[in-house]
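S.K.: Read top to bottom, the protein sequences are chains A and B. In terms of numbering that gives the first Met the number 0, the numbers along the first sequence are unbroken and rise by one, the last being 509. In terms of numbering that gives the first Met the number 0, the numbers along the second sequence are unbroken and rise by one, the last being 99.
Calculated directly from the structure, the hints in this document are not laboratory data. Treat the numbers as computed from the prediction; the structure is a model and nothing was measured. Some hints could be false.
To be verified - Taking lysine to aspartate or glutamate and the EDC-like style, the derived pairs with C-alpha atoms no more than 20 Å apart in a straight line are:
| # | chain 1 | residue 1 | chain 2 | residue 2 |
| --- | --- | --- | --- | --- |
| 1 | B | K30 | A | E341 |
| 2 | B | K30 | A | E216 |
| 3 | A | K264 | B | D64 |
| 4 | A | K422 | B | D64 |
| 5 | A | K51 | B | D67 |
| 6 | A | K422 | B | D10 |
| 7 | A | K412 | B | D67 |
| 8 | A | K274 | A | D258 |
| 9 | A | K41 | A | E216 |
| 10 | A | K479 | A | E216 |
| 11 | A | K422 | B | E48 |
| 12 | B | K61 | A | E270 |
| 13 | A | K274 | B | E59 |
| 14 | A | K276 | B | D62 |
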Amino acid sequence: MTRAMVGQAMAMGRAMAMFRGLAALAAALLLAGCAGYTVNPKLTTEKYGVGKGGYRYENLSKVENTDALFVVLAFSGGGTRAAAFSYGLMEGLRDATYKKDPAADPRSLLADVDVISSVSGGSFTAAYYGLFPDRFFEDFEPRVLDRDIQGDLIGLALSPPNWFRLASPAFDRIDLAAEYYDREIFDQKTFQALVDGKRKPYIVLNATDMTLGRRFEFTQEQFDFLCSDLSPVTIARAVAASSAFPGLLSPLTLKNYVDVKCGFKMPTWIEGALKSKALAARRYVRARDLWTYRSDEKRQWIHLLDGGLSDNIGLRGPFVALTSDTGSSWSVKQRINQGNVERVMVITANAKTKSRPKWDQEQAAPGLFDVLGFVSTGPMDNFSFDTVQLITNAFEQRQQAWKARQSCRRMLKKQCGGDLPGKLAPVALRAVEISFDGIADHRLRLRLCMEALPTNFSLPAQTVDLLRQVARHLLLTSPKFHDAMNDLEAGWEPPESAMDPDLIAAVCPR
Amino acid sequence: MNEFVIVKFADRRVVLVDDVPQGYNKDESGKDLIKELDTGNRKFALEGENNYTPSEQWVEVKDTDPIDPMKVVFQKVSDDGDDPGNGGAGNGNGPGNGNV
Numbered sequence: 000m001t002r003a004m005v006g007q008a009m010a011m012g013r014a015m016a017m018f019r020g021l022a023a024l025a026a027a028l029l030l031a032g033c034a035g036y037t038v039n040p041k042l043t044t045e046k047y048g049v050g051k052g053g054y055r056y057e058n059l060s061k062v063e064n065t066d067a068l069f070v071v072l073a074f075s076g077g078g079t080r081a082a083a084f085s086y087g088l089m090e091g092l093r094d095a096t097y098k099k100d101p102a103a104d105p106r107s108l109l110a111d112v113d114v115i116s117s118v119s120g121g122s123f124t125a126a127y128y129g130l131f132p133d134r135f136f137e138d139f140e141p142r143v144l145d146r147d148i149q150g151d152l153i154g155l156a157l158s159p160p161n162w163f164r165l166a167s168p169a170f171d172r173i174d175l176a177a178e179y180y181d182r183e184i185f186d187q188k189t190f191q192a193l194v195d196g197k198r199k200p201y202i203v204l205n206a207t208d209m210t211l212g213r214r215f216e217f218t219q220e221q222f223d224f225l226c227s228d229l230s231p232v233t234i235a236r237a238v239a240a241s242s243a244f245p246g247l248l249s250p251l252t253l254k255n256y257v258d259v260k261c262g263f264k265m266p267t268w269i270e271g272a273l274k275s276k277a278l279a280a281r282r283y284v285r286a287r288d289l290w291t292y293r294s295d296e297k298r299q300w301i302h303l304l305d306g307g308l309s310d311n312i313g314l315r316g317p318f319v320a321l322t323s324d325t326g327s328s329w330s331v332k333q334r335i336n337q338g339n340v341e342r343v344m345v346i347t348a349n350a351k352t353k354s355r356p357k358w359d360q361e362q363a364a365p366g367l368f369d370v371l372g373f374v375s376t377g378p379m380d381n382f383s384f385d386t387v388q389l390i391t392n393a394f395e396q397r398q399q400a401w402k403a404r405q406s407c408r409r410m411l412k413k414q415c416g417g418d419l420p421g422k423l424a425p426v427a428l429r430a431v432e433i434s435f436d437g438i439a440d441h442r443l444r445l446r447l448c449m450e451a452l453p454t455n456f457s458l459p460a461q462t463v464d465l466l467r468q469v470a471r472h473l474l475l476t477s478p479k480f481h482d483a484m485n486d487l488e489a490g491w492e493p494p495e496s497a498m499d500p501d502l503i504a505a506v507c508p509r
Numbered sequence: 000m001n002e003f004v005i006v007k008f009a010d011r012r013v014v015l016v017d018d019v020p021q022g023y024n025k026d027e028s029g030k031d032l033i034k035e036l037d038t039g040n041r042k043f044a045l046e047g048e049n050n051y052t053p054s055e056q057w058v059e060v061k062d063t064d065p066i067d068p069m070k071v072v073f074q075k076v077s078d079d080g081d082d083p084g085n086g087g088a089g090n091g092n093g094p095g096n097g098n099v
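Please take these sequences and the hints and turn them into a complete structure.
M.R.: Set out below in structure tokens:
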């Protein structure tokens with residue numbers, strides 16, 4: 000090879016290298032330019048007619064699971080800890096069988112679940128069960144609970160091709176997470192799969208509307224207010240929004256078709272509620288918030304964060320459905336009025352932890368991270384407690400009203416042979432909450448260990464297994480759950496629910 | 000708040016509150032069924048044939064009693080179109096204008 004040829008070859012090599020560099024840059028710019036998520040589409044009246052089609056409770060089949068026994072599950076936030084804890088609850092419900100009558104086949108209580116409302120980590124469990132009920136107990140653990148989701152997301156964010164995509168204003172960390180969930184966990188399924196399945200339970204995945212600081216649910220009923228069609232939206236985007244913890248993940252954005260006429264008509268209850276602020280303040284605020292999506296405020300883009308910011312146990316939606324006759328497509332009160340509901344059971348899986356700060360032992364004021372940690376969880380823990388209490392109180396008040404009528408009727412009949420006006424339906428109402436607080440005092444080490452678990456999306460397999468066992472054990476040994484099951488089958492006995500002492504020792508060493 | 004309301008009408012009909020069906024007004028034996036409703040301004044109507052008056056009524060539902068529920072009354076319009084009386088709402092033991 001001559002020197003000239005060598006020189007030519009070197010020049011060609013440099014040119015090729017430059018070409019490859021330019022090609023890589025062009026590809027990266029192209030990627031950034033193309034980067035973007037699929038915007039939630041407009042609702043077309045041709046397809047539905049607002050208020051009729053899509054993912055709504057009333058469109059689900061009630062053949063195999065009627066409304067007579069209305070079971071609502073609520074799954075809290077808390078990353079993989081919450082996902083595993085709610086999964087353990089589902090295992091307990093699967094194993095809690097009862098007979099409607101002595102001659103009947105045993106029926107799993109899981110088959111009676113009508114609605115699952117979830118936030119954040121609990122939304123992985125709820126969504127996966129909604130999509131894949133037949134294989135849920137086979138592959139949810141390996142595909143979700145044992146996966147290092149957090150590590151994978153960090154890896155994706157650090158991957159150079161994604162830097163260019165993330166540089167685009169139309170693509171953010173939350174979209175990267177949604178893509179990952181879509182590909183690796185939810186098999187590119189959209190809400191159309193839930194519509195087509197027509198199966199209960201109705202899955203209500205909750206996020207938080209950043210402007211209102213209020214719950215935003217991924218149901219067609221909510222999307223009607225955006226004049227948007229939920230059906231083509233991926234389940235992964237809903238789960239990503241529900242678990243978009245601020246700081247770690249960016250908010251997820253939805254388009255609100257404010258200037259589009261999709262046939263949307265203001266629900267009559269909103270019209271009435273907006274007129275009666277003083278009379279019913281809670282109802283007024285609910286109506287006012289919903290109306291911001293269609294009002295002159297022109298909220299063109301709705302930014303959503305972790306559902307746990309407005310409701311960390313997934314119970315606010317059920318609270319509305321249980322205590323209000325309008326404003327929820329699955330209003331239980333409405334179904335009681337219709338004579339369809341005889342019993343209601345609300346079971347909450349609350350995977351909240353408890354910090355044991357050392358600042359009470361020190362004169363120095365807590366530092367910035369301590370303060371931020373408190374601000375992000377402390378008030379919400381109190382709010383969650385209040386929500387559980389509100390539901391319990393509503394149930395008690397309803398039972399008291401029914402008992403008062405019964406006593407009065409007896410007295411009237413005895414005194415003058417008369418009767419009260421009207422007939423109030425007898426409805427058995429039961430609320431069960433399982434949380435680490437319920438771990439017995441003689442298992443203090445286990446309770447402290449569970450309450451100290453971190454909130455992230457990566458837990459060791461043994462910790463996941465123990466969380467499952469703890470949740471199942473807490474459900475099946477809960478006195479309130481026993482009472483509820485005894486309503487269904489007198490003398491009901493729970494299945495075995497012992498926890499593995501070796502597993503406890505391994506996860507929670509002395 | 001949980002409010003307790005009876006909707007009086009001659010026939011057995013589904014009650015619409017804010018255009019949402021809330022079940023029949025009475026059971027098959029003719030006993031009135033109590034509706035549990037939210038407090039507030041509520042629009043009452045009946046599902047089906049428009050043979051009653053008023054055709055709808057907005058009622059302020061509040062301070063009701065499970066022992067003696069509020070009554071919202073619809074009158075049947077006779078076949079020849081005569082209106083035999085006005086409907087209305089009121090608590091059974093209060094100064095309401097319930098025509099029960």
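S.K.: Now look at each hint and say whether the structure bears it out.
M.R.: Results for each hint:
no. : hint            : verdict
1   : B/K30 - A/E341  : holds (19 Å)
2   : B/K30 - A/E216  : violated (39 Å)
3   : A/K264 - B/D64  : violated (33 Å)
4   : A/K422 - B/D64  : holds (13 Å)
5   : A/K51 - B/D67   : violated (37 Å)
6   : A/K422 - B/D10  : holds (17 Å)
7   : A/K412 - B/D67  : holds (16 Å)
8   : A/K274 - A/D258 : violated (25 Å)
9   : A/K41 - A/E216  : holds (17 Å)
10  : A/K479 - A/E216 : violated (29 Å)
11  : A/K422 - B/E48  : violated (25 Å)
12  : B/K61 - A/E270  : holds (17 Å)
13  : A/K274 - B/E59  : holds (11 Å)
14  : A/K276 - B/D62  : holds (16 Å)
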